[in-house]
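J.: As given, the protein sequences belong to chains E and H, one line each in that order.
Position 523 (the first sequence) corresponds to 522 in numbering that gives the first Met the number 0; numbering is contiguous.
Position 173 (the second sequence) corresponds to 172 in numbering that gives the first Met the number 0; numbering is contiguous.
In case anyone wonders, no lab produced these hints; they're calculated from the structure.
Take the hints with a grain of salt, since some may be wrong.
Computed cross-link-like contacts, DSS-like style, restricted to lysine-lysine with a CA-CA straight-line distance of at most 27 Å [claimed, not checked]:
1) K334/E <-> K481/E
2) K222/E <-> K107/E
3) K155/E <-> K261/E
4) K304/E <-> K134/H
5) K304/E <-> K120/H
6) K21/E <-> K107/E
7) K123/H <-> K304/E
8) K311/E <-> K390/E
9) K126/E <-> K152/E
10) K481/E <-> K369/E
11) K304/E <-> K125/H
12) K452/E <-> K500/E
13) K369/E <-> K264/E
14) K152/E <-> K129/E
15) K107/E <-> K125/H
16) K125/H <-> K222/E
17) K492/E <-> K453/E
18) K492/E <-> K525/E
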Amino acid sequence: MSYSSLPEDVLEHVFSFVQSDKDRNVISLVCKSWYEIERWCRRRIFVGNCYAVSPRMAIRRFPEVRSVELKGKPHFADFNLVPEGWGGYVYPWIRAMAGGYPWLEELKLKRMVVTDESLELIAKSLKNFKVLVLSSCEGFSTHGLAAIAADCKNLKELDLWESDVEDPSGNWLSKFPDTCTSLVSLNIACLGSEVSFSALERLVVRCPNLRTLRLNRAVPLEKLAHLLRQAPQLVELGTGTYSADLRPDIFSNLAGAFSGCKELKSLSGFWDVVPAYLPAVYSVCSGLTTLNLSYATIQSPDLIKLVSQCPKLQCLWVLDYIEDSGLEALAATCKDLRELRVFPSEPFGDEPNVSLTEQGLVLVSEGCPKLESVLYFCRRMSNDALVTIAKNRPSMIRFRLCIIDPQTPDYLTLEPLDVGFGAIVQHCKDLRRLSLSGLLTDRVFEYIGTYAKKLEMLSVAFAGESDLGLHHVLSGCDSLRKLEIMDCPFGDKALLANAAKLETMRSLWMSSCSVSFEACKLLGQKMPRLNVEVIDESGPPDSRPELPVKKLYIYRTVTGRRIDMPGFVWNVGEDSALRLS
Amino acid sequence: MELQLGLALPNHNNPSAGNGVGFKSRKDAANKRSFQEAFGNYKIRDELQMMPLLLWSGPPDEEDDDRKGQKKRNSCNNINKNEEEGEELVVGWPPIQSWRKKLLLHGQHPQQGQVGRRVSKFVKVKMEGVGIARKINLSLYNSFETLANSLIHMFATYQKSEKRGVRYTLTYQDKEGDWLIAGDVPWQTFIESVQRLEILRCGAVESRP
């Protein structure tokens, strides 16, 4: 009996152990019957670009899905490069899923426009809805949240990670019925206004499985101890504001409450930190694996004291107040560190306000053998430092360096940083994500094209000299999925020469480069499975064809042009004249 | 290389690009970046080539003493006129999420209500002889003592080779631009008028204009 004649339910059982999308996609290509079996038992789908496929197509192919993850706007929308109204609306998906996936349990959205109407539709139509994650989303208010709270009887997770929520008056939190005891995770850190503390407390008390609680800034420190005593089982906590008048009774109450939380592994929040209150968390430090201090405007000595007590730390997000000295302490203490993100406290100043340089990162790369993910804002860098980092940590997977001043050269030699980044891609063979900065010529792109064979996402700004740079990347990076470029002298030649490559990628963003409207049109006409969208808020791009296109977003799709383009987005495919307005 | 003394930006590549963008009228324009150079002409940042851009139009600003030189940009297409962007002059750079930027600039959550919350007041603190200035949030303190203690702590690292017994005075610049000694007026009055702080060695106080 050959494997292809195994009964369907056996195959289905075997497939159920295969969770990865990539592997499932491969399975579905083996033969027609495997394709059929696989599509009926796929339970979760990830759509990295909501415009790549239509909801109807997704539902038709995978009828029994329980979990959907969608992403909308391009990544550079985080930095204000995508105008308001560009798109990324989730409503069409929700409408389709209300009918097509009535048993949907999970919905995870990133950079999408969600409306109260969408949330109300979810609450009304999806009877087994359990998990809602809205990451960097916008367009909805607490009215929509109230609907979710009131009607999703089995809600386990509500996560509003970094979303922009309108907050008209009305107490949505108290809409969770008394019968709701299923919450496992609640993240309201991004909410601007106060929530009713008593409603919050009652909710916490009646949900014994609550593991994650991320409060918003409005929750005062004095009340935190109270909450913690009701939920000592918490594994992840985001504090509210971490400041209060200095009173010993508040401190001892808080310290006592923290010491009762034996399971805490992750801490975040810490807005407005008053250093005197930091020791209240010391009792949990020995077990902490994740620490997000990226809102905490405290100075290096206090940060060092805290971090030195966290030997199990795996992930640290912090402001550059930590300085090189703090990173040295981190490297000495936290041997399990995997991820470090250092954010700038004063990104718009002309001069450094803190003593954080490339040295800090070098020290961490030396001292932390498991370091694999870095996001680092600084003001100076050298090729030497980059080469050292590369040699220290060949297992690096994500390396995002932002030298704050564009085109900053190696501060020691005044050379471009090509060699340094070249070393990164050469030594770190599993590198999946890279963000460049500093002074860079086409050379760095040659290195990237030659060595970065596993690279999936590349972010570039103010770099390169000619189309050759772009050509190196498009022709050499075999695994490239997302490429985003701003303010680089890349033009038509590389783009047109590598048109076919674009169909193997999720998307390409280019803004303030040198791509002509003609080239965009040509590309759109040549490649029917790409949407070539020009974004121009000042008027139709073909009215000034001599000017380079301001913003360009190209993505592969199986559904053709989208019908929800606003007035400032032009799809320059074949029938651009017939565009619906 | 041109020095721009007007409000329009040079744009070598696109003479007709007139987006009408220019510096905001805010005082930041007086001391921030000047935009020049097209792609690739300008490789090395050389102090000699850069001169301060003199666009004094408003009251002195925190940054005016520290201004070193110009920064260059490849493209002038992205100058953002939006006041809300704070000090950002190139859209999308540095790559920081908008809510995080607002948090840094205003010390507040963008949607924050003000009920029962302190309003952050960030001021720059300089210590005589120390190259790097600091910024602190004065709303976290409630007396000169707590402030002084915190500052001592903060700048302690810079006193490595200082002789013991050197005394310092905390001075501040008020709304009128005058430099005064901290502690002479009640804390509340101080908080309302302080614009920046400077820690001077005793003996240096007299020489302040």
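J.: Which hints from the list above does the structure break, by number from lowest to highest?
T.: 1, 2, 15, 16
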